[in-house]
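Could you put together the complete structure from these sequences and hints?
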Amino acid sequence: MFRQALQFINYDKPKAFGATLGVLVAIFLIGQQAGIFIFLTSLMTTLVDNSKADIWVVNDKARDANRLGQVDMRYARELKSIPGVDIVSPLVLAGANAKLRNGEQLPVQLVGVEAPEFLLEPWRVIKGSKYGLLDNGGVSVDVFDINSMDSLELGEPLEISGRRSYIKTITRGARGFGGSLLVTTVNRARTLGKVPANKASAILLAVRDGFPADSVVAAINRSFFGIRAWEREAFSQQTRKENLSNSGIGTSTFTLIIFAIISGMVIIGLTLYSAAIERLNDYATMKAIGASNGYVTRIILSQALLIAIVGFSLAAVLLVGFRKGIAGAGVIFEYGWMLWVGLLLATLLLSLGGALLAIFRIRKVEPASVFR
Amino acid sequence: MPEPEVLARLEQAKKIYQSGDTTITALDSTTMEVRSRELVLVEGPSGSGKTTLISLIGCVIYPTEGKVFVRNVHTSGLNDRQLSKLRLENIGFVFQNFNLIAPFSALDNVAFPLRLMGKSGKDARQEALAQLEKLGLAGRRKNRPKELSGGQKQRVAIARALVTNPRILLCDEPTASLDHTSLEKIMSELRNLSREGKAVVVVTHDPRLEEYADRIVRVEDGRIVDEKTSG
Chain Z
1 MFRQALQFIN YDKPKAFGAT LGVLVAIFLI GQQAGIFIFL TSLMTTLVDN SKADIWVVND
61 KARDANRLGQ VDMRYARELK SIPGVDIVSP LVLAGANAKL RNGEQLPVQL VGVEAPEFLL
121 EPWRVIKGSK YGLLDNGGVS VDVFDINSMD SLELGEPLEI SGRRSYIKTI TRGARGFGGS
181 LLVTTVNRAR TLGKVPANKA SAILLAVRDG FPADSVVAAI NRSFFGIRAW EREAFSQQTR
241 KENLSNSGIG TSTFTLIIFA IISGMVIIGL TLYSAAIERL NDYATMKAIG ASNGYVTRII
301 LSQALLIAIV GFSLAAVLLV GFRKGIAGAG VIFEYGWMLW VGLLLATLLL SLGGALLAIF
361 RIRKVEPASV FR
Chain S
1001 MPEPEVLARL EQAKKIYQSG DTTITALDST TMEVRSRELV LVEGPSGSGK TTLISLIGCV
1061 IYPTEGKVFV RNVHTSGLND RQLSKLRLEN IGFVFQNFNL IAPFSALDNV AFPLRLMGKS
1121 GKDARQEALA QLEKLGLAGR RKNRPKELSG GQKQRVAIAR ALVTNPRILL CDEPTASLDH
1181 TSLEKIMSEL RNLSREGKAV VVVTHDPRLE EYADRIVRVE DGRIVDEKTS G
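For the record, the sequence lines run as chains Z and S. In this text, residue positions in the first sequence follow our numbering: the first is 1, and each later residue adds one. In this text, residue positions in the second sequence follow our numbering: the first is 1001, and each later residue adds one.
If you're looking for bench data, these hints aren't it; they were derived computationally from the structure. Even for Gly, the Cβ is constructed at its ideal location relative to N, Cα and C. Hints are not guaranteed to be accurate.
To be verified - Footprint (simulated), chain Z over chain S, 3 or more residues, beta carbon under 8 Å: (1) 1057-1063; (2) 1094-1102.
Claimed, not checked - Computed list of lysine-lysine pairs in DSS-like fashion (alpha-carbon distance at most 30 Å, straight line): (3) S:Lys-1146 - Z:Lys-13; (4) Z:Lys-364 - S:Lys-1085; (5) Z:Lys-194 - S:Lys-1119; (6) Z:Lys-13 - S:Lys-1185; (7) S:Lys-1014 - S:Lys-1085; (8) S:Lys-1119 - Z:Lys-364; (9) Z:Lys-194 - Z:Lys-127; (10) S:Lys-1122 - S:Lys-1146; (11) Z:Lys-99 - S:Lys-1085; (12) S:Lys-1067 - S:Lys-1122; (13) Z:Lys-364 - S:Lys-1134; (14) S:Lys-1134 - S:Lys-1122; (15) Z:Lys-13 - S:Lys-1142; (16) Z:Lys-61 - Z:Lys-99; (17) Z:Lys-13 - S:Lys-1122.
Given below as structure tokens:
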């Protein structure tokens, strides 16, 4: 069956090339959009996902880790009394300006974390360490922001909100949704970001071994007014959901993917249909000799499948290249196995779906037409 | 020598085509038998119903009325799959325009019916090669149809029709595009096949073929108007 399908493909190379190109372009576009989507959604939840906290306690109106509002620090003291709570650590997020060597101002988001607990610490560290943040004026910056920060190096000074700070930790790919993240201590973030000493953006909790986080969350939400506790994963999901529903990123990506599938299906459909029309007499002969409709259907599906395999393989190579290429610009993401499976299914959908037109036409061919 | 066996039978078979408001009776209440060990020539002017007759015997269409039996199987009761199987196992076709499958090589064209019968690719190609060798075409086995001459194409078509050893061979104008030498060669081959026990039905306009026929059936206006057995 595949040999015969291959012979049909080989006989009409330009059309086979056109259909393969259709698969390649459609799957590459879908994969590219999906990659950017994965990157953006990972940025949305990067603070939550990279924290070691089991529970995030935030203002009861906060639904997004990037827009937390404030909670009063007295809650931090009270939370320690909840059974199962092991570590309580405030988190401060604050906007500030970093002044570059050339005098340009760069808006940054300060992330104040508490040492030595470090329930949130700089991730993807490539130079220095988290303990460098404890040094006088220590901050972490990301290598992809360094270029825009005038090529600053480890240990070099940086002016934030008019005060001198020092780069003590450099990360690669630890970037925020709203812009450059500068991780520092809670106190320094309060000072540079002008956050009152009795306020924090969130209170991060680590739960004692043996205590289920959900029961601690339930206990907190029963006992306190004005704050809400979330398990880390739940808060990550809530943040993603909030951003997707408000930003239109999800709709935009989904629409592009749907259009890529439709346009791919149309290209492949028309190409296979046109190839089938040109070979109507061959298919009629096959049927006259004794091939059933099922047999000729399988020959066309096999052609579509072969085109799908080649198109998908080429698209996969291009997507791996694309991922590596834009990783160099700080757009770092991974194509997980589920995405590859999804892309393969999309390839099969558009290839086999595209073959339907040709199949319907060929099934209608009467074997008697060979006598005319 | 055993009595000739009736391999195909039309009983009051009628075929009507509907084209918009127009009804065309291509074949009208025709009764005919096709027997083993005979070469039947079906003659008649264009549009007389020859092709419809051969299409009904070949089970590529269903009769509108009447019955068609192939090897005692009533074809009207069969679905697409069953009818395809009946054709594959019992009928070989040789078409006017050869109808070789363009993307396939000569060998793969001949092997195709065997593949349909479920033989492995290797076995099918071995048997197909043996059939091509019989017809002196083994050297052209890798060539596609467009690389073959008219006579070579026709011999590949015959090889394909014979490779499954069918009892009935239906030939639609098999000599239409052949020169005299090729015509003689092909018709002698067809007559030999009928002597070996096959039923060979040849549709033609060409009166030169009459000398090879055991029986000549003349069709006009969708009816058999004359039937004669040659001496």
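(Q) So, against the hints stated earlier in the document, which numbers end up violated here? (A) 5, 6, 11, 12, 13, 16
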